Amino acid sequence: MGDLLAVVVDGLIYSSWLFVVAAGLTIVYGVMRILNMAHGSLYALGAYAAASLAGAWMAGGRSPAGTYAMLLAAALLVGLVMGPLVERGLLRLVYGRDEVVMVLVTYALFLILEDAVKLAWGVESYFVTEPYQLLGTVEVGPLSYPVYSGVIVLAAVATAAGLRWGIYKTSYGKLLIAVIHDREMAAAMGINVGRVFLATFTLGTMLAALAGALTAPSVSVVPGMGVEVIVLAFAVVVIGGLGSMPGAALGALIVGVVRSAAVHFLPQVELFSIYLVMALVLAFRPRGLFVAAEVRKI
Amino acid sequence: MKNGIGSQILSAAMAVALLGAPAAAGAQAPAPAPAAAPAAPAPAAEAKPFKLGVVTFLSGAAAGPFGVPARNGAEVLVEALNAGKVPAPYAKKGFGGRAIEVVFIDEAGGTTKQVSEYRDLVQRQNVDAVIGYISSGDCLAVAPVAEELKKLTVFFDCGTPRIFEDASYKYVFRTSAHAAMDNVAAALYVAEMKPKLKKVAGINQNYAWGQDSWNDFEATMKAIRPDVQVTTSQMPKLGAGQYGAEVSALMAGSPDVIHSSFWGGDLDAFVLQAGPRGLLKKSTAVLTCGETATHKLGGQLPDGTVIGARGPHGVYAPDNELNRWFRTVYQDRNGLFPNYPAYHMVQAILGLKSAYEKAQGGTDAVPTQDAVIGAFEGITFETPSGTIALKLGKGHQAVEETVYGVTKTVGGKLTFANVKRFPADKVNPPEGAKSVDWIKTSFKPAK
Numbered sequence: 001m002g003d004l005l006a007v008v009v010d011g012l013i014y015s016s017w018l019f020v021v022a023a024g025l026t027i028v029y030g031v032m033r034i035l036n037m038a039h040g041s042l043y044a045l046g047a048y049a050a051a052s053l054a055g056a057w058m059a060g061g062r063s064p065a066g067t068y069a070m071l072l073a074a075a076l077l078v079g080l081v082m083g084p085l086v087e088r089g090l091l092r093l094v095y096g097r098d099e100v101v102m103v104l105v106t107y108a109l110f111l112i113l114e115d116a117v118k119l120a121w122g123v124e125s126y127f128v129t130e131p132y133q134l135l136g137t138v139e140v141g142p143l144s145y146p147v148y149s150g151v152i153v154l155a156a157v158a159t160a161a162g163l164r165w166g167i168y169k170t171s172y173g174k175l176l177i178a179v180i181h182d183r184e185m186a187a188a189m190g191i192n193v194g195r196v197f198l199a200t201f202t203l204g205t206m207l208a209a210l211a212g213a214l215t216a217p218s219v220s221v222v223p224g225m226g227v228e229v230i231v232l233a234f235a236v237v238v239i240g241g242l243g244s245m246p247g248a249a250l251g252a253l254i255v256g257v258v259r260s261a262a263v264h265f266l267p268q269v270e271l272f273s274i275y276l277v278m279a280l281v282l283a284f285r286p287r288g289l290f291v292a293a294e295v296r297k298i
Numbered sequence: 001m002k003n004g005i006g007s008q009i010l011s012a013a014m015a016v017a018l019l020g021a022p023a024a025a026g027a028q029a030p031a032p033a034p035a036a037a038p039a040a041p042a043p044a045a046e047a048k049p050f051k052l053g054v055v056t057f058l059s060g061a062a063a064g065p066f067g068v069p070a071r072n073g074a075e076v077l078v079e080a081l082n083a084g085k086v087p088a089p090y091a092k093k094g095f096g097g098r099a100i101e102v103v104f105i106d107e108a109g110g111t112t113k114q115v116s117e118y119r120d121l122v123q124r125q126n127v128d129a130v131i132g133y134i135s136s137g138d139c140l141a142v143a144p145v146a147e148e149l150k151k152l153t154v155f156f157d158c159g160t161p162r163i164f165e166d167a168s169y170k171y172v173f174r175t176s177a178h179a180a181m182d183n184v185a186a187a188l189y190v191a192e193m194k195p196k197l198k199k200v201a202g203i204n205q206n207y208a209w210g211q212d213s214w215n216d217f218e219a220t221m222k223a224i225r226p227d228v229q230v231t232t233s234q235m236p237k238l239g240a241g242q243y244g245a246e247v248s249a250l251m252a253g254s255p256d257v258i259h260s261s262f263w264g265g266d267l268d269a270f271v272l273q274a275g276p277r278g279l280l281k282k283s284t285a286v287l288t289c290g291e292t293a294t295h296k297l298g299g300q301l302p303d304g305t306v307i308g309a310r311g312p313h314g315v316y317a318p319d320n321e322l323n324r325w326f327r328t329v330y331q332d333r334n335g336l337f338p339n340y341p342a343y344h345m346v347q348a349i350l351g352l353k354s355a356y357e358k359a360q361g362g363t364d365a366v367p368t369q370d371a372v373i374g375a376f377e378g379i380t381f382e383t384p385s386g387t388i389a390l391k392l393g394k395g396h397q398a399v400e401e402t403v404y405g406v407t408k409t410v411g412g413k414l415t416f417a418n419v420k421r422f423p424a425d426k427v428n429p430p431e432g433a434k435s436v437d438w439i440k441t442s443f444k445p446a447k
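Chains as they are written, first to last, in my numbering: chain A, 1 to 298; chain B, 1 to 447.
The set of hints was computed from the structure by calculation and includes no laboratory data. Note that this is a predicted model, so its numbers are computed, not measured. Treat the hints loosely; a few may be bogus.
Where chain B lies over chain A, by a calculated footprint (3+ residues, C-beta under 8 Å) [said to hold, decoys possible]:
hint: 1; segment: 48-54
hint: 2; segment: 130-142
Calculated cross-link-like contacts (lysine-lysine; reagent style DSS-like; alpha-carbon spacing at most 27 Å) [to be verified]:
hint: 3; chain 1: B; residue 1: K113; chain 2: A; residue 2: K118
hint: 4; chain 1: B; residue 1: K237; chain 2: A; residue 2: K118
hint: 5; chain 1: B; residue 1: K434; chain 2: A; residue 2: K118
hint: 6; chain 1: B; residue 1: K237; chain 2: B; residue 2: K170
hint: 7; chain 1: B; residue 1: K51; chain 2: B; residue 2: K222
hint: 8; chain 1: B; residue 1: K413; chain 2: B; residue 2: K426
Note that beta-carbon positions come from the ideal geometry of N, C-alpha and C, so glycine has one too.
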């Protein structure tokens, strides 16, 4: 019984983290049809920015509670700087090309950013442990969990709710849906598609950086931390269906719970379990769980 | 309609993500940057400088904890050797009077890349010898190539026992002990520390290093304490970073001891996530590579955590003149104390120097490579980590003593208590034996 509870709690925490990581990837693909390989680098940039900002904050002898604000500030900063920079400076030039070209372009960007991070921060590890440790732990059954994991769960719920509200309940969201369904027709109707793309990519970048910033307190920020994330995020969005936000949520939930069950009951197959699920889903639903034959939703 | 394209993209992207990206983690490293030896003064003798290729991680996850400290160790030592400022018995400049010129190569990028880097070092850059390799995979891949190209090559840090247990080499040496002793000694240490030990668990990375480490630890433990039960053996992926479920699974079994050979960012993340949840207080963690984490993360480790340094290095290094000298020059230059990979690097360079000068036989002549190899085999030499002897692998593989201790914070400063030294012949297999067989047959339950 305790085991099952632990599987559910661990699975939920891990799923939430996965969803936060995959949300930016999904929105960018859903609207722009760009499979953003640089997502992992933007995630790493968010983590590095969070570590640097929180470090500067603490160095001023200020209250450690302010580090939470620094995490959010890091996500905003990276999103507002890198989003427009990459979209205007690079992606704009290759719009309309084959989707495979986009994968290669963003993969090149991933390699460039990985090196840029190394130039800026070196290969040393960075820590921003305050946000994780300030909140303490809570007993769930026989085990104790960090309260900070609850912050990740909240962030996932807030991200999902915010995106849903933004897409379905705002006028800008309606423009977005129009662009998703037919880019050319939307442009003909007077929608500034370029601006929609700029806003979407900036949002996607911000979400990637937010995932990195929220992860930073529980890890040491080191070179290469973005690589793992791309692979996992892909597994998640592929299971759910590329570009589908409910798909990403369900994909994250499935991967999280399956992995957690494997860790608790059969640790030998932990790694394999994620890809087994992915293979099974793709065998029966080649486009993922949430992508219907014709209409794409986000 | 567009979904057909979608699935094409998907397969392309998955191929890049699953295959390309991990390799790229290292591949993003720039082409080898030939760094000149640190400001070498004019060569002491007329002979041209000894060109030494040094391969260590300068990018990727292993750079911070291992690769860069090793490079820093090489830099301070070579600079001092060229200036003739190293204490006895290494006062002679460079290698036997010849200045040393170092070419640094980044070890990141995987074995295929390293084999071509190695060929480039030997065939195009014409180095006189190569010192290198932290990754066991790279050591296993480079050893046969060294043999093929007939170039003296010294492995300084990689841990796999298989190099000289599965093959025999003329041109390859390893001046640090292999990893069997780390896990054998870890088991001996915790068994002695906890006479009532009943349950153990492990968390190790899911690749050769993590699996070998756990297997050696588990085998030793089963041999000396047959009644000990393993609650769980977790094997997360290298670089996973999120260990919430693993920590829960470890806690659920309430083991007395948790074995881990984690290193680098994974070790940091595990300590950061397990510490606040109380796991490291409820169970005693034995971290075989823990020393590299203590320098930055010491405050996060609860008292009583068992820390290893893969030999008598770092905080466990003996108090001899070479060590006092090395700690001082390293700290003056880098602002940090050297960790064990820095000590391993120094061992390799001093081992090569000892062999070179032994081959000279007291003259200033330039010895042939075969003469250096002849002198290297079975050599015994002094290092900041004490005396090193190449006793295994027909005189090509070093044995060392190893050391474990537990953390103890005194007045806010991390210290090490209950430090126990395990003599080399107690924790290394004898010549000719394979580590796995030796562990199974030579350890008996203690009374």
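Structure-based check of each hint:
Here the segment 48-54 of chain A counts 0 residues with a CB under 8 Å from a CB of chain B, which misses the bar of 3, and the coverage is violated. Counting residues of the segment 130-142 of chain A whose CB lies closer than 8 Å to any CB of chain B gives 5, so the stated coverage by that chain holds, three being the minimum. For the hint pairing B/K113 with A/K118, the CA-to-CA distance comes to about 20 Å; that is within 27 Å, so the pair holds. Between B/K237 and A/K118, the direct Cα distance comes to roughly 23 Å. Compliance with the 27 Å bound is thereby established for this hinted pair.
Distance restraint check for B/K434 and A/K118: the Cα-Cα separation of roughly 41 Å exceeds the 27 Å cut-off, and the hinted pair is therefore not satisfied. For the given pair, B/K237 sits about 35 Å from B/K170 by alpha-carbon distance, which is inconsistent with the 27 Å threshold. A threshold of 27 Å between alpha carbons decides the hint, and for B/K51 with B/K222 the separation of about 48 Å lies outside it, so the pair is violated. The straight-line distance between the Cα atoms of B/K413 and B/K426 is roughly 32 Å, outside the 27 Å bound, and the hint therefore fails.
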